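These protein sequence lines map, in sequence, to chains A and B. Residues in the first sequence are numbered consecutively from 1, following our numbering. Residues in the second sequence are numbered consecutively from 1, following our numbering.
I should point out that these hints are in silico values taken from the structure, not numbers from a laboratory. Being a predicted model, the structure only gives us computed values, none of them experimental. C-beta: ideal position from N, C-alpha, C; glycine also. Take the hints with a grain of salt, since some may be wrong.
Said to hold, decoys possible - Across the chosen pairs, the derived CB separations fall in these ranges:
#1 A:Arg96 <-> B:His109: 50 to 56 angstroms
#2 A:Leu179 <-> B:Lys132: 27 to 33 angstroms
#3 B:Glu95 <-> A:Asp49: 41 to 47 angstroms
#4 A:Gly145 <-> B:Lys167: 51 to 57 angstroms
#5 B:Val67 <-> A:Ala180: 29 to 35 angstroms
#6 B:Asp147 <-> A:Leu179: 49 to 55 angstroms
Unchecked claim - Here's a subset of chain B near chain A, in silico, CB distances under 8 angstroms, partners left out:
#7 Trp62
#8 Phe94
#9 Ile98
#10 Glu122
#11 Ile127
To be verified - EDC-like mimics (lysine to aspartate or glutamate), calculated; alpha carbons at most 20 angstroms apart, straight line:
#12 B:Lys125 <-> A:Asp147
#13 A:Lys66 <-> B:Glu122
#14 A:Lys161 <-> B:Glu95
#15 A:Lys66 <-> B:Glu95
#16 A:Lys51 <-> A:Glu168
#17 A:Lys167 <-> B:Asp38
#18 A:Lys161 <-> B:Asp38
#19 A:Lys24 <-> B:Glu95
#20 A:Lys167 <-> B:Asp128
#21 A:Lys167 <-> B:Asp119
#22 A:Lys161 <-> B:Glu68
#23 B:Lys64 <-> A:Asp158
#24 B:Lys132 <-> A:Asp187
#25 A:Lys66 <-> B:Asp119
#26 A:Lys161 <-> B:Asp119
#27 B:Lys132 <-> B:Asp40
#28 B:Lys125 <-> A:Glu200
#29 A:Lys167 <-> B:Glu68
#30 A:Lys201 <-> B:Asp128
#31 B:Lys125 <-> A:Asp187
#32 B:Lys107 <-> B:Asp147
#33 B:Lys125 <-> A:Asp185
#34 B:Lys132 <-> A:Asp158
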Amino acid sequence: MRATIILIMSLVLAGTSNFAQGYKVGDKAADFRLKNVDGKMVSMSDYPDAKGIIVIFTCNHCPYSKLYEDRIIAINNKYAVKGYPVIAINPNDSIRQPEDSYSKMIVRAKEKGFTFPYLLDAGQSITRAYGASRTPHVFLLQKEGKDYIVRYIGAIDDNSKDPAAVKEKYLENALDNLLAGRKPDPDFTKAIGCTIKWAEK
Amino acid sequence: MLDTSGAFMKTNLKYVLFFFALLIYSFSFGQQVKVYRDFDEFAPLLQRENDTTYVVNFWATWCKPCVEEMPGFQELNKKFEGKKFKLILVSLDFESNIKSKVLPFIKEHNVKADVVLLDAPEQNKWIDRVNKSWSGAIPITVIYNKDFYFFREGTLTYEELDKIVSKNMK
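With these hints in hand, go ahead and build the complete structure from the sequences.
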């Protein structure tokens with residue numbers, strides 16, 4: 001009887017934990033091979049000299065993503081030379097959100113002059129594996145041997161609307177900590193964002 | 001109707017015109033939207049302890065799934081009108097977009113429920129105070145009364161909403 005109750009309870013818990021799937025800080029992150037806006041395939045392993053990768057799930061249509069475009073460019077320009085380049089990934093299904101189609105990504109990357117790859121997760125399997133739930137959503141990875149270890153998950157900073165009013169630059173602080181040999185603190189933050197537009201089954 | 005006696009008209013014409021101007025002004029904006037810039041001021045909306053069942057939906061005009069589920073909330077509001085029920089639509093649009101986006105949306109979609117706007121920075125500090133399992137993506141919906149609590153990240157249909165509210169209403 002007790003075993004049955006435990007079994008039922010764990011099934012219920014498994015059912016409700018759908019949202020909690022994905023990586024946690026300390027997990028090993030999977031590499032990917034996704035198509036960039038220039039038509040070439042990009043993987044993290046294409047950066048053999050990097051100390052890590054700043055993976056940012058972001059997209060064209062989301063107002064919060066748009067608010068952060070300039071800040072993402074600035075972060076890439078500042079940290080790529082220090083060993084942490086940005087790789088942006090569009091997680092959205094373009095049937096659900098036509099503004100996030102591959103051809104529109106090419107247009108947006110050109111308009112904004114992205115200095116980093118902007119990849120399309122066409123099958124959404126990387127988005128699912130990482131557990132990205134909104135845009136923009138940052139996963140800061142540190143390279144250890146051949147592995148990419150998740151060191152920070154969350155927001156870029158604490159004021160999406162107004163860069164001038166930012167009090168805490170979460171991502172930059174996390175990067176500075178990693179570069180100084182420390183663990184990021186906080187290593188997990190939340191922010192309002194747009195939902196991932198999952199393909200309809 | 002207004003008092004249109006001669007004396008009133010002569011002495012108070014200016015005030016009447018001013019009153020009309022005010023009336024036209026308030027009609028042109030329709031519903032007012034209360035703005036919360038501080039989560040502490042907003043928090044009580046999620047913690048009322050009385051017989052009313054509150055349905056609190058967090059949305060934004062820019063959020064496609066939010067806009068898609070809005071008719072279901074409107075229908076729910078219509079069904080439970082006059083009962084111990086209150087629908088609160090919490091817009092996460094920026095305050096600067098009230099006139100350009102939020103009010104036109106309310107007008108266009110004929111929104112009858114209370115609309116408030118939460119535009120508070122340092123979201124990392126208050127997202128968990130709404131619900132610990134909330135990632136920050138919208139829509140979310142909180143349904144509660146003093147004995148019941150429900151949270152959903154993602155959309156809800158009218159049928160789901162109706163079932164939850166009907167079953168738990170006081």
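A quick look at each hint next to the structure:
Checked against the hint of 50 to 56 angstroms, the pair A:Arg96 and B:His109 fails, with Cβ atoms roughly 21 angstroms apart. Roughly 31 angstroms separates the CB atoms of A:Leu179 and B:Lys132, a value that falls within the hinted 27 to 33 angstroms. Under the hint 41 to 47 angstroms, the C-beta atoms of B:Glu95 and A:Asp49, about 45 angstroms apart, fit the expected range. Against the hinted window of 51 to 57 angstroms, the Cβ-Cβ separation of A:Gly145 and B:Lys167 comes to about 54 angstroms, which satisfies the hint.
The beta-carbon spacing between B:Val67 and A:Ala180, approximately 45 angstroms, falls outside the hinted interval of 29 to 35 angstroms. A C-beta distance of roughly 52 angstroms is found between B:Asp147 and A:Leu179, which places it inside the suggested range of 49 to 55 angstroms. The beta carbon of B:Trp62 is positioned within 8 angstroms of a beta carbon in chain A (closest approach about 5 angstroms), and the interface hint is therefore held. Hint on B:Phe94 holds. Least Cβ distance to chain A is approximately 6 angstroms, under the 8 angstroms limit.
A cut of 8 angstroms between beta carbons decides the hint on B:Ile98: the least distance to chain A is about 14 angstroms, and the hint is violated. The closest approach between the C-beta of B:Glu122 and any C-beta of chain A is roughly 5 angstroms, which is under the 8 angstroms cut-off, so the hint is satisfied. Taking 8 angstroms as the C-beta contact cut-off toward chain A, the hint placing B:Ile127 at the interface holds, the least distance being around 4 angstroms. Under the criterion of a C-alpha separation no larger than 20 angstroms, the hint pairing B:Lys125 with A:Asp147 is inconsistent with the structure, at around 32 angstroms.
Between the alpha carbons of A:Lys66 and B:Glu122 the distance comes to roughly 18 angstroms, so the proposed pair stays at or under 20 angstroms and holds. For a cut-off of 20 angstroms, the pair hint linking A:Lys161 to B:Glu95 stands: about 10 angstroms separates their Cα positions. For the hint linking A:Lys66 to B:Glu95, the alpha-carbon distance of about 17 angstroms falls within 20 angstroms, and the restraint holds. The hinted pair formed by A:Lys51 and A:Glu168 fails the criterion: a straight-line CA distance of about 23 angstroms is larger than 20 angstroms.
Taking the CA atoms of A:Lys167 and B:Asp38, the gap is near 16 angstroms; set against the 20 angstroms cutoff, the hint holds. For the suggested pair A:Lys161 and B:Asp38, the alpha carbons sit about 15 angstroms apart, so the restraint of at most 20 angstroms is met. With a C-alpha separation of about 34 angstroms, the suggested pair A:Lys24 and B:Glu95 falls outside the 20 angstroms cut-off, and the hint is violated. Between A:Lys167 and B:Asp128, the direct Cα distance comes to roughly 19 angstroms. Compliance with the 20 angstroms bound is thereby established for this hinted pair.
Between A:Lys167 and B:Asp119, the direct Cα distance comes to roughly 16 angstroms. Compliance with the 20 angstroms bound is thereby established for this hinted pair. A hinted pair counts as satisfied when its Cα atoms are at most 20 angstroms apart, and A:Lys161 with B:Glu68 does not qualify at roughly 25 angstroms. Note on B:Lys64 and A:Asp158: the hinted pairing is violated, with a Cα-Cα distance of about 24 angstroms set against a maximum of 20 angstroms. Among the hinted pairs, B:Lys132 with A:Asp187 is consistent with the structure: their alpha-carbon atoms are about 16 angstroms apart, no more than 20 angstroms.
Straight-line distance between C-alpha atoms of A:Lys66 and B:Asp119 comes to about 18 angstroms, which keeps the hinted pair within the 20 angstroms bound. Proximity of A:Lys161 to B:Asp119 is assessed by CA-CA distance (about 9 angstroms); at most 20 angstroms being required, the pair is judged to hold. Note on B:Lys132 and B:Asp40: the hinted pairing holds, with a Cα-Cα distance of about 17 angstroms set against a maximum of 20 angstroms. Taking the CA atoms of B:Lys125 and A:Glu200, the gap is about 33 angstroms. The hint is violated against a cut of 20 angstroms.
A C-alpha spacing of about 34 angstroms is found between A:Lys167 and B:Glu68, which places the hinted pair above 20 angstroms, so the restraint is violated. Our distance criterion of 20 angstroms between C-alpha atoms is broken by A:Lys201 and B:Asp128, whose separation comes to about 31 angstroms. Proposed proximity of B:Lys125 and A:Asp187 is supported: the alpha carbons are some 14 angstroms apart, at most 20 angstroms. For the suggested pair B:Lys107 and B:Asp147, the alpha carbons sit about 34 angstroms apart, so the restraint of at most 20 angstroms is broken.
Using a Cα cut-off of 20 angstroms, the hinted pair B:Lys125 and A:Asp185 holds, with the two alpha carbons roughly 14 angstroms apart. Using a Cα cut-off of 20 angstroms, the hinted pair B:Lys132 and A:Asp158 holds, with the two alpha carbons roughly 18 angstroms apart.
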